[in-house]
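Enquirer: Take the sequences, apply the hints, and build the full model.
2 protein chains.
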Amino acid sequence: MSHWEEFYATHLPPTDFEDNRILLKEFCERHKKAGERIVLITSGGTTVPLEHNTVRFVDNFSAGTRGAASAEYFLEHGYVVIFMHRLKSLEPFTRHFSGQKFMDMLELHDQGPNTSITVKPDSVDVLAPVLASYKHAQEGGRVLYVTFTTVSDYFWLLRAACECLAIFETKALLFLAAAVSDFYVPSNEMPTHKIQSGAGAPTIQLQLVPKLLAPLVNLWVPHAFVVSFKLETDESILIVKARDSLNKYKHKLVIGNMLQTRRQKVVFVTKDTSFEVSLTREQMLNGMEIEDSIVTNVITNHTEFLKTHQY
Amino acid sequence: MSHWEEFYATHLPPTDFEDNRILLKEFCERHKKAGERIVLITSGGTTVPLEHNTVRFVDNFSAGTRGAASAEYFLEHGYVVIFMHRLKSLEPFTRHFSGQKFMDMLELHDQGPNTSITVKPDSVDVLAPVLASYKHAQEGGRVLYVTFTTVSDYFWLLRAACECLAIFETKALLFLAAAVSDFYVPSNEMPTHKIQSGAGAPTIQLQLVPKLLAPLVNLWVPHAFVVSFKLETDESILIVKARDSLNKYKHKLVIGNMLQTRRQKVVFVTKDTSFEVSLTREQMLNGMEIEDSIVTNVITNHTEFLKTHQY
Chain A
168 MSHWEEFYAT HLPPTDFEDN RILLKEFCER HKKAGERIVL ITSGGTTVPL EHNTVRFVDN
228 FSAGTRGAAS AEYFLEHGYV VIFMHRLKSL EPFTRHFSGQ KFMDMLELHD QGPNTSITVK
288 PDSVDVLAPV LASYKHAQEG GRVLYVTFTT VSDYFWLLRA ACECLAIFET KALLFLAAAV
348 SDFYVPSNEM PTHKIQSGAG APTIQLQLVP KLLAPLVNLW VPHAFVVSFK LETDESILIV
408 KARDSLNKYK HKLVIGNMLQ TRRQKVVFVT KDTSFEVSLT REQMLNGMEI EDSIVTNVIT
468 NHTEFLKTHQ Y
Chain B
168 MSHWEEFYAT HLPPTDFEDN RILLKEFCER HKKAGERIVL ITSGGTTVPL EHNTVRFVDN
228 FSAGTRGAAS AEYFLEHGYV VIFMHRLKSL EPFTRHFSGQ KFMDMLELHD QGPNTSITVK
288 PDSVDVLAPV LASYKHAQEG GRVLYVTFTT VSDYFWLLRA ACECLAIFET KALLFLAAAV
348 SDFYVPSNEM PTHKIQSGAG APTIQLQLVP KLLAPLVNLW VPHAFVVSFK LETDESILIV
408 KARDSLNKYK HKLVIGNMLQ TRRQKVVFVT KDTSFEVSLT REQMLNGMEI EDSIVTNVIT
468 NHTEFLKTHQ Y
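These protein sequences, in sequence, are chains A and B.
Mind the numbering: the first sequence is residues 168 to 478 in the working numbering, read in order.
Mind the numbering: the second sequence is residues 168 to 478 in the working numbering, read in order.
For the record, the hints were derived by calculation from the structure and aren't laboratory data.
Take every hint as true, because none was put in to throw you off.
One copy or two, it doesn't matter: identical chains are merged, so the pair holds either way.
With a Cα cut of at most 25 Å, we get these calculated SDA-like pairs of lysine to any residue: (1) K432 <-> L405; (2) K302 <-> D277; (3) K302 <-> Q278; (4) K378 <-> E330; (5) K268 <-> D292; (6) K302 <-> T261; (7) K408 <-> M357; (8) K287 <-> A299; (9) K255 <-> T232; (10) K268 <-> F184; (11) K302 <-> Y240; (12) K302 <-> S265; (13) K378 <-> A368; (14) K268 <-> T182; (15) K192 <-> H178; (16) K287 <-> G308.
Expert: And the structure:
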């Protein structure tokens, strides 16, 4: 048994797995019939529980900005979107407004049984376009939200999504922006209860999480256009690691980014080329987001690919 | 140097520390003049970074429901509130509505330059009372929000808050509901860059985080009414551990709760007594929250204490 098969064999699916599988299947079949292009976006970090009754876990840094912003741009370009994200990470549209920002935009007109609530006129300008895009996506059933928390939830959902996406063949784009844990604590080495501090400081022995790109590219969605991300904090190894990944898994594109500069620039690495996508100082001051450029460039690549790989 | 002094000596304050200190000082001085009772609520989990350029960290489970709900009930009972919470954990009032729930409540009336947005009539009933309480707290300046992420941010903020709270003497209540990490990775043993998976699976050697209750009770707010929480997953040790904590730190009250049943019952442990506070099945079905009972009971205890410890 390969490493990834063993992982599935030793980790149970999440409790809402069957419900999500039905949603994914229905969503894919409906849009396949309509002839749409589809993108699966994974977003946010995954956790690795340290105890069965989980109080503590190891987490990966990711607010989910890249995935949530990219979802909006893919929708704008006519793709339908499966937004597979970490519970509580940022979501498209709502990401622009925190809970307090929402409350502060509202005006209460207290008139007993005729009480009404309106958005303050000066907030309408900001909220209206976002709300219109949100409603368009919701009402057209153009986006499906599914959530994970642990790395094992992510494994189960990703495979299920791929199984449904396979019918799109080359028209499926996978935009794997989630920050997946590299390490985990095997189920049989995990304590049942909260680790007690009285027993002194513990040592946590981690194991490597299997890489899913291999079965994903070779078995699950062999015709799809697959894009993965590489995040590093040390610039000197970024392109080398991106190229290594591409050579190993044979997918289409790796987008490399540095933790410190990820909002200004990324590097697109394909089998034969590498080029930087970045925002100018002026674009940043105008509030442009790098995800706008990333998505435009990815779609150009996908369109090129479709021309040469259409059945 | 004691363990906690050493921790401050080896961890820098967060970048927004001075700003928060000024806010805390202004808030406390203003309300002290007005003769208010004040509660400091800490809420949400803390993180322990595993790398200086943080990609990975160990986290403690806590959505922040208990702290956020309790803040609402303390405000309702006339306390002013410092809500010191983990960034992105739940906040009072906004906790009732996720981002999508907010969007779904809104109706867009697209009329060009006269576009308006209103809350749908059937959502007004739910939103209006929450919005009214939120506005009352905001407009009266009755709640101050300050945030932390890492355990060391929490350390710095908590001490600063206590230094400002001390002027309230017995009228200050500390409601320490945050789930603070017990373990951390010392700064000098932390790698600078993201741990590389190519080097094999790492072992993480953790150290014990010093307990702040000792200096807090003895030095920082010696006259205040201090309530701490104890969360366990193993019921058999809960009361014993709560009592141990009380004997060790000499504060007023420990509220013990089990991870699995924390929404239905808790146990109040004082120097001489212990009693359960719980919701009946009917109360739960009616949507009552256990924080309502917890806060009422804590305030009764605080009021009793004030009678015998007034200067």
